[in-house]
Amino acid sequence: MIAHLRALFPPFDWHRVIVEPWSADPAISLWIVLMGFFVAAACGLVGNYLLLRRMALVGDAISHSILPGLVLAFLIFRHTNIWTAFAGALGAGFATVLLIEFIHKQSRVKADAAICIAFTVLFAAGVVLMSLLETKGSFHIDAECVLYGEIAFVPLEPPVVWGGIGLGPPSVLRMGGMLVLVLVLITAFYKELLVTSFDPGLSRSLGMNTGLWHYGLMGVLALVVVSAFEAVGAILAVAMLIVPAMFAAQLSNRLPVRLGLTIIHAAVSSLLGYHLSVWLQCSTAGAMVVAGAGLFTAAWVAGLWHTAALRLRSRNS
Amino acid sequence: MPGTHPRLRAAILRGGGILIFLLLAAPAHAARINELAESTLSGRMVRFFTFQDPSLRYALLGSMLLGICCGLMGAFLVVRKLSLLGDALSHAVLPGVALGFLWGMTKDPLAIFIGATVAGLLGAGTVQLLRHTTRHKEDASIGFVLASFFGVGVCLMTMIQNVPGGNKSGLDKFMFGQAAALGRGDVLLLAVVALLALGAVTVFYKEYTITSFDPGFARSMGLPVQVFHYSLMLLLAFAIVSALQAVGVVLVTAMLVIPAATAFLLTDRLGWLLVLSAVFGMCAGAIGAFFSFVGRNLPTGPFMVLAAAAVFTAAILFGPRHGIVARWWRHVSRSARIRRENTLKSVYHVLEDEGFRSEQVDARELAERRRETIEEAQAQLNTLRRHGLATLSGDGISASLTPEGWQRACEIVRNHRLWELYLTNAAQIAADHVHEDAEKIEHVLGEETVRRLEKRLNNARRDPHGRLIPGLEDIRLGAGARPTPPQPTGYGAPDPPAP
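Residue numbers (our numbering), protein chains in the order written: chain A, 1 to 317; chain B, 1 to 499.
Since the hints were made in silico from the structure, they are not lab data. From a predicted model like this one, the values you see are computed outputs, not experimental measurements. Ideal placement from N, C-alpha and C gives every residue a C-beta, glycine not left out. Take the hints with a grain of salt, since some may be wrong.
Each pair of labels, with its calculated beta carbon distance range [stated by the list, open to error]:
1) Pro215/B with Arg313/A: 33 to 41 Å
2) Leu98/A with Arg334/B: 24 to 32 Å
3) Gly216/B with Thr210/A: 28 to 36 Å
Turn these sequences into a full structure, and let the hints steer you where they fit.
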């Protein structure tokens, strides 16, 4: 066991882990870290609002429903490219939200069980369809890719060239666009999102359509998760939704500060995670999540330490 | 199982015994399920139902045992509103699986079992710790454990690929699961876990019930609530880990939650919930194994989940008490009854306005009173006739109430006027504000409530608008002995002198 563990952790070599990625081929490192940052920031910003509304696990459900969405898109359009996949996954995301609400409203099953039932049933249907199609040999989805994602392949995509200048891999540009979209939407509808998240009763009395904002948020959530999953996979996208927002909530009570902290957390965790994955030679997306969770744990423990110290001081005085 | 169903408990234990006997009797040499792919569909079905293949027997037994374990544990998850914790734990065991594999670089079931159980318990503990030491809500804590443990697991899994040596194939089976890959050891493990779960639930049925439904009360009784919570988490981790290989990480959640939620739709008693949930889980397991076998090496887990989901859909639609169809039917029949009663009330009002001089009600008068067309009034009178509440005469132009119809009409009007009186006298509401409320309550007041209202109102005889409240006599006697004009008798004979 000990020997195996030792084999698991390669020695930490400063030059190999920190310097080489940026000196040997900076473009590759740059695109991977940038992609990680875009994913974590876009997901984390949306995640802040999910956390406020106690809907963190709806993101989990939506991300699991991507697989059936992909299969369904193939069944409908008869071929796969990025846009059909996107449409299918988005449709499945909405189907999940509607299914959750149907089960929750039409029966006495509680919301948490409804979430579990909705996404697992869709996921199971997706796996069955996929294996049926695979036996016919007409279709193949790398299920591991759906679950884990492959951010390390991002720099290998043929770059988008516009006006003779290479802009970068298309998926990074798409994700960057998604981040910009999320930022624009949050800036434009800051007040409305704030009120509907913190005080649905007040917002209703102000004449706002809370249902509309709810579904709007669900729509943006589905968009973000769907564009994130090709990089980090369905399950780790959940981490990108929840962990940065939890980190920010641990440190601040004010929403604007939280949003800023989320972006900082996204940047630090993607950079740390990248180097972690270089060191341990493991899945990059997984390492980014581990780094992000590590940051949260540090903030958590620091907070506990702080309260303990305060309590001790007040007892002494 | 519940102490109230000893025969059921005996039956279940006997069933478990038979399963284990079947398992031990199975010969060790076996063809794997996927080697049967070249046989025909009917041939495979025959082979399924004759249980010729030991590997099939393992898969079937394993799937059914798994359904029982998950069903039992899931029932507690659902009543404790912890379904998502099951989801989190099933993802959180991944690093444990990796470490268990690392122990001897083989897929040793025991090492993986121990590693995964430890990881699952660690996950459950982290959720509790996060809930108690931070202000994050439960969903965020659960999501954090799910995602971060899974992230660690993914990293470990990919790191293991770098370690030289060892048989790493089949480790990815933990994601989607394959019941055909169940061996004798796995099935034995499942049987042990199922017996353990059954035993714990049977012995501590009362304690688990109390701690699930009313932890505060349990604490006041001196029960160690945390101990029972963590013992349940331990059993849950056992169930998840032993089910992983057959259904995979994602779909374990479904096997935990869906059978339990189905049972939750059908019963209100925890004992039956547990029994039904275990039975649904077992059936789903068997059906999943069947399709997986007949459909040439298809993954088992998704079929189990779809089978469970089919039962769930049926329960949601056709459940006797909470089903959508039952509720729809209740709604339809109730609104039809209310419509009938409103017609009866209008008939009474028409008769009353005429001073009860005739027994006949004209469809035209009724239509005028209700501000409807004559055709609508006639249709309503027809409905009354179909229910034996009225008889029609003169081509359906006029109608007279039967004794039952008269009784019901009197009851409705009495309920309405009593309630108006009650609201004005007891609740001090202005007399012109009480009508709307009485319109709604008149259809649901029961006889007992009416008696109590009458007592409380000192058997009053006139409503706030000065009209007579039809009394018991009118209702009992029916139309045959209807008080002759000019007036119904009301309560008692003459009006008491005004105070």
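Hint check:
no. : hint                               : verdict
1   : Pro215/B with Arg313/A: 33 to 41 Å : holds (34 Å)
2   : Leu98/A with Arg334/B: 24 to 32 Å  : holds (28 Å)
3   : Gly216/B with Thr210/A: 28 to 36 Å : holds (33 Å)
In the structure shown, no violation is registered for any of the earlier numbered hints.
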